[in-house]
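S.K.: Go by the hints and put chain B onto chain A.
Now for the letters of each chain:
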Amino acid sequence: DGGITQSPKYLFRKEGQNVTLSCEQNLNHDAMYWYRQDPGQGLRLIYYSQIVNDFQKGDIAEGYSVSREKKESFPLTVTSAQKNPTAFYLCASSIMFGRGTEAFFGQGTRLTVV
Amino acid sequence: GEDVEQSLFLSVREGDSSVINCTYTDSSSTYLYWYKQEPGAGLQLLTYIFSNMDMKQDQRLTVLLNKKDKHLSLRIADTQTGDSAIYFCAESIDDYKLSFGAGTTVTVRA
Numbered sequence: 001d002g003g004i005t006q007s008p009k010y011l012f013r014k015e016g017q018n019v020t021l022s023c024e025q026n027l028n029h030d031a032m033y034w035y036r037q038d039p040g041q042g043l044r045l046i047y048y049s050q051i052v053n054d055f056q057k058g059d060i061a062e063g064y065s066v067s068r069e070k071k072e073s074f075p076l077t078v079t080s081a082q083k084n085p086t087a088f089y090l091c092a093s094s095i096m097f098g099r100g101t102e103a104f105f106g107q108g109t110r111l112t113v114v
Numbered sequence: 001g002e003d004v005e006q007s008l009f010l011s012v013r014e015g016d017s018s019v020i021n022c023t024y025t026d027s028s029s030t031y032l033y034w035y036k037q038e039p040g041a042g043l044q045l046l047t048y049i050f051s052n053m054d055m056k057q058d059q060r061l062t063v064l065l066n067k068k069d070k071h072l073s074l075r076i077a078d079t080q081t082g083d084s085a086i087y088f089c090a091e092s093i094d095d096y097k098l099s100f101g102a103g104t105t106v107t108v109r110a
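Chains as they are written, first to last, in my numbering: chain A, 1 to 114; chain B, 1 to 110.
The set of hints was computed from the structure by calculation and includes no laboratory data. Fair warning: this is a prediction, and the values are worked out from it, not measured in the lab. Possibly wrong hints are sitting among the right ones.
[Unchecked claim] Below, in silico cross-link-like pairs of lysine-lysine (BS3-like), each with a Cα-Cα straight-line distance of 30 Å or less:
| id | chain 1 | residue 1 | chain 2 | residue 2 |
| --- | --- | --- | --- | --- |
| 1 | B | Lys56 | A | Lys57 |
| 2 | A | Lys9 | A | Lys71 |
| 3 | B | Lys56 | B | Lys70 |
| 4 | B | Lys70 | A | Lys9 |
| 5 | A | Lys71 | A | Lys57 |
| 6 | A | Lys57 | B | Lys36 |
| 7 | A | Lys71 | B | Lys36 |
| 8 | B | Lys67 | B | Lys56 |
[To be verified] Simulated coverage check for chain B against chain A, where a stretch passes if three residues somewhere in it have a Cβ under 8 Å from a Cβ of chain A:
| id | stretch |
| --- | --- |
| 9 | 42-54 |
| 10 | 97-105 |
Yeah, the Cβ is synthetic: ideal placement off N, Cα and C, and Gly gets one too.
Isolated chain A, as found in the complex:
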């Protein structure tokens, strides 16, 4: 089955540690995105990638990093510089970059800092 897989579903991190969230898609989509969701707020864009080996900062990129070495994979690292990392993280992909394209979402990773 085609889709987007995020892992793990739940993640706990100690303060001061970096942690990497996985996102893999087998939809052959060029564009991939990372969003952060907090209660009572809309999704906010962290990073996006139009194509392999290229990525751009979104609205709240500080304290996060990404890589896009393969078309299928777009991992997100939450660094110790991110001051409030506890949130629900959603990865998405779309067939092309631009308006009017449907974004497919993964099931999300809930990150909790303990």
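M.R.: Relative to chain A, chain B alone:
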């Protein structure tokens, strides 16, 4: 502030119609979307409407767009318990992102 605004909560009786409202700010948005999120899950695209349309109907879902007022609504007919979820309105911004509202939590009561 938010580019897209929605009311946060809606309670509806099973079998009634639900209407979720949204206002957006970018008059150049070409596509507007409704996504559904069930508890602990990702977002699922329900429907979208192109900006040159006033209405789109898809089974129990009806989308109305008022471009002059920048107002979008989603009507769910014959609301069922499985429709309980968070519904997000979103608009295309520039060429690279969707701008989402905060989401409307719909609770269906028996």
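S.K.: Measure nothing beyond the straight line between the CA atoms of lysine 71/A and lysine 36/B; if it is 30 Å or shorter, mark the hint as holding.
M.R.: 27 Å, holds
S.K.: Are the Cα positions of lysine 67/B and lysine 56/B separated by 30 Å at most?
M.R.: Roughly 14 Å between the alpha carbons, so the hint for lysine 67/B and lysine 56/B holds.
S.K.: Taking a Cβ-to-Cβ distance below 8 Å as contact, does the stretch 97-105 of chain B have at least three residues touching chain A?
M.R.: holds (count 7)
S.K.: Are lysine 70/B and lysine 9/A close enough, with their CA atoms no more than 30 Å apart?
M.R.: Since the Cα atoms of lysine 70/B and lysine 9/A sit roughly 37 Å apart, the hinted pair is violated (cutoff 30 Å).
S.K.: Hint check: lysine 56/B vs lysine 57/A, CA-CA at most 30 Å. Holds or violated?
M.R.: 34 Å, violated
S.K.: What's the verdict on lysine 56/B and lysine 70/B, does the C-alpha distance respect the 30 Å limit or exceed it?
M.R.: 16 Å, holds
S.K.: Can you take a look at whether the stretch 42-54 of chain B is actually covered by chain A? Rule is 3+ residues, C-beta closer than 8 Å.
M.R.: holds (count 6)
S.K.: Are the Cα positions of lysine 57/A and lysine 36/B separated by 30 Å at most?
M.R.: Cα-Cα ~26 Å, so holds.
S.K.: Under the criterion that the straight-line Cα-Cα distance not exceed 30 Å, is the pair lysine 9/A, lysine 71/A satisfied?
M.R.: Holds, at about 22 Å.
S.K.: Given the hinted pair lysine 71/A and lysine 57/A, is their alpha-carbon gap at most 30 Å?
M.R.: Holds - the C-alpha atoms of lysine 57/A and lysine 71/A are around 18 Å apart, at most 30 Å.
Of the numbered hints listed earlier, those contradicted by the structure are 1 and 4.
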